[in-house]
Amino acid sequence: MSASNATQVEEILSTARNLRSELGTDLHEQLVEAVFATAARIADRAVTRPGEKARPTLDRTLDRLVTSRIWGFPLMFLLFAVMFWLTISGANVPSGWLAWLLVDTIYPVLREGAAGLGLPWWLWGLAIDGMYLATAWVVSVMLPPMAIFFPLFTLLEDFGYLPRVAFNLDWLFKKAGAHGKQAMTTMMGFGCNAAGVIATRIIDSPRERLIAILTNNFALCNGRWPTQILIATLFIGSLVPAYLGGMVSALAVVGVAVLGVVLTFVIAWALSRTVLRGQVSTFSLELPPYRPPRILQTLYTSIIDRTILVLWRAVVWALPAGALIWLTSNIPIGGRSIAEHLITLFNPLGLFVGLNGVILLAYILAIPANEIVIPTVLMLTVLVTGTTGVGQGAGVMFDLQDTNQLIGLLHAGGWTLLTGVNLMLFSLIHNPCSTTIYTIYKETGSAKWTTVAALMPVALGFAVTFLVALVWRMIAG
Amino acid sequence: MTTPTMGATAAGCAACPVHNVANLLKLGVTMDNWNFVVGLAGNPNTGKSTVFNALTGLRQHTGNWPGKTVSRAEGGFEYHGHRYKLVDLPGTYSLLAASPDEEAARDFLLFGRPDVTLVVMDATRVERNLNLVLQVLEITDRVVVCLNLMDEARRHGLQVDDRTLVRELGVPVVPASARYREGLDQVLQAVSEVATGQFVCKPRRIQNEPSELKRAVADLTTRIASAFPGLPNARWVALRLLDGDERIIQAIRKGELGELGSVSPSETATTEAARLQVVR
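As you go down the protein sequences, you meet chains A and B in turn.
The first sequence begins at 1 in this note's numbering and counts up one residue at a time.
The second sequence begins at 1 in this note's numbering and counts up one residue at a time.
The shape of chain A in the complex, shown without the other chains (with noise of 0.2 Å):
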């Protein structure tokens, strides 16, 4: 820009300024209702209403069920009920699939191979036993779920249901201080923590979609989901006849998913009125007519653009975990491995809060992706109990199928029903995996808020899980 040209601007700009203060402050109202003024003179030529009304009732008749008092929250529960027993139950087979072809077919051609080749044996420990099969065991766990979730999000999305959810829902977030449209992200949270911080792009306003993203976690993640199953069935199905075990279990199960939702408003409430202060905005919400979905669109743009791209963020955190849960347990120092030190370490801490060394240890192992936090604990514990015959050596992850061998296994580690209430109350209430705060950082672009995201949930895990664990040992004396 020549030098004539910036005293020029710079002209234009006090111009500006003069002329702004001298036309008062309402400016930007005036200009808007002269834009809206012009849309209405134009639509009311250009739109002719021959006749009555004949705006079709199935809409209305809808909307009335959906967003009614009386009807619209038993069915927006049903709906989702429905919905996570789909994926739940209908992501099992493929999973079993994928493990099957992943774990039990090429892990062990590949470690034979790599036996064979004469390649040194910890080179292929680290790169097979322990980057293969971490990212194998997400794979298989996390792209069945996702596959099935997002499509039928995406579905509901496009029928036009969710715009209703948020109707329905936001006077519960109004009174939290967040945003109705956050109803919305903390469901996609129950299928990926990061994909639902990915969907509070929706939010508008910076406050309100902070306050989002920092809650999301308390979603009960499809993640976690499999550590709750398991944990229940051992732990509180088992109290109770076999023939109830199963529900109560589920319903066991449900009630920590219940309890993330409440800790989300909680959260949501807290911040509002203490470090995220502010209005809550309005946002005017459009009830769009119902539309037919369409169903191979909506397949191919939720798979590319939902699944493909959180299942690569895992896979990205994976590797290198599975490296390091290899290494802690194969690398000695003074005869022991480091996880052994580690657990020794953590112990006291873990047992302090009714938990032990061997879930801290693998928790944090865990960071990148909760789904091996139990094929971790399994090794971890394998390796400090001196167990054998079950498992495939030092720092190999494995899953066992067999309830009562698994029961054994878990009480030789010095574990109690304590232990298994406190580690699916952990299990829900701790950091986010690191594609989560990946995401996060990304999304937000701060780290302090990140660390705020990751933080905050560990502390209240920790005073929660110690809470239950004093009150416990009162009443068990």
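Please note that a few of the clues may not be correct.
According to the in silico footprint, chain B covers these stretches of chain A (three or more CB under 8 Å from chain B) [what the hints assert, rightly or not]:
no. : segment
1   : 6-13
2   : 28-38
Some, not all, of what chain B presents toward chain A, calculated at C-beta under 10 Å [as the list claims (entries may be wrong)]:
no. : residue
3   : T62
4   : A123
5   : V126
6   : N131
7   : E138
8   : L149
9   : L158
10  : D161
11  : R163
12  : L169
13  : L213
14  : D219
15  : S226
16  : A227
17  : L242
Away from chain A, derived, C-beta distances all over 10 Å, residues of chain B [what the hints assert, rightly or not]:
no. : residue
18  : E74
19  : F111
20  : V200
21  : K202
22  : P203
These aren't lab readings, by the way, just hints derived from the structure by calculation.
Ideal Cβ placement from N, Cα and C applies to all residues, glycine included.
We have chain A; now place chain B onto it with these hints.
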């Protein structure tokens, strides 16, 4: 290359559809192998994505707007021997830059200067959708309106007269039902006519401000027009300055807006390269 040809090319550049390559690059749009850029705007729930998918098929690419956490999609199509790049802007109700979505859409229209902006309207909600169309027309004059969801309008017993809209807005208005692929050919035809200059838009600009404001706007518009000759939306810039829009003040200071009015020598070189590529 000889001097006379150089002159001819440089003069042709301002008229060339891709002379804004540098700004488009900043917005993450590469112009390799494309003849025209088309921005796709519209309110949410107007079937904008349906139009986008119908026009581009599976030749699309999703990502983020540079520096923003607003997702965007790009795709392409070919029509009558020209290659068009279609950039899907966020669905917004206005362009007042109140949210990151609106800001991304507005910045693209303002600094990216697409060759054509295709605005998708919901035929069952004409008045509210016109708010956005009118705001788009303030920024750019090369606009095609796709009056979508005509099937729903019929179902609701509404008659929308597209010819009245053409007269009032001064740009092509094409009735369509993208879901059933009705009217999409006519949309393509209108887009190509505006892109190649066969149809010259005479967009409506808002007139009914209070007289005091009108005087201030006129004064400022004259000054801006003389500082940045060739700027197509001096009046809109004047309004934004009067409203104290920091982003626009910054754009003027940095010369981002100046680039729009005239082509600087360094830019001519890039543009020429891009132009040659396009011609080849």
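How the hints compare with the structure:
| no. | hint | result |
| --- | --- | --- |
| 1 | 6-13 | holds (count 5) |
| 2 | 28-38 | holds (count 9) |
| 3 | T62 | holds, 6 Å |
| 4 | A123 | holds, 9 Å |
| 5 | V126 | holds, 4 Å |
| 6 | N131 | holds, 5 Å |
| 7 | E138 | holds, 9 Å |
| 8 | L149 | holds, 9 Å |
| 9 | L158 | holds, 6 Å |
| 10 | D161 | holds, 5 Å |
| 11 | R163 | holds, 9 Å |
| 12 | L169 | holds, 7 Å |
| 13 | L213 | holds, 6 Å |
| 14 | D219 | holds, 7 Å |
| 15 | S226 | holds, 8 Å |
| 16 | A227 | holds, 4 Å |
| 17 | L242 | holds, 5 Å |
| 18 | E74 | holds, 14 Å |
| 19 | F111 | holds, 16 Å |
| 20 | V200 | holds, 21 Å |
| 21 | K202 | holds, 15 Å |
| 22 | P203 | holds, 12 Å |
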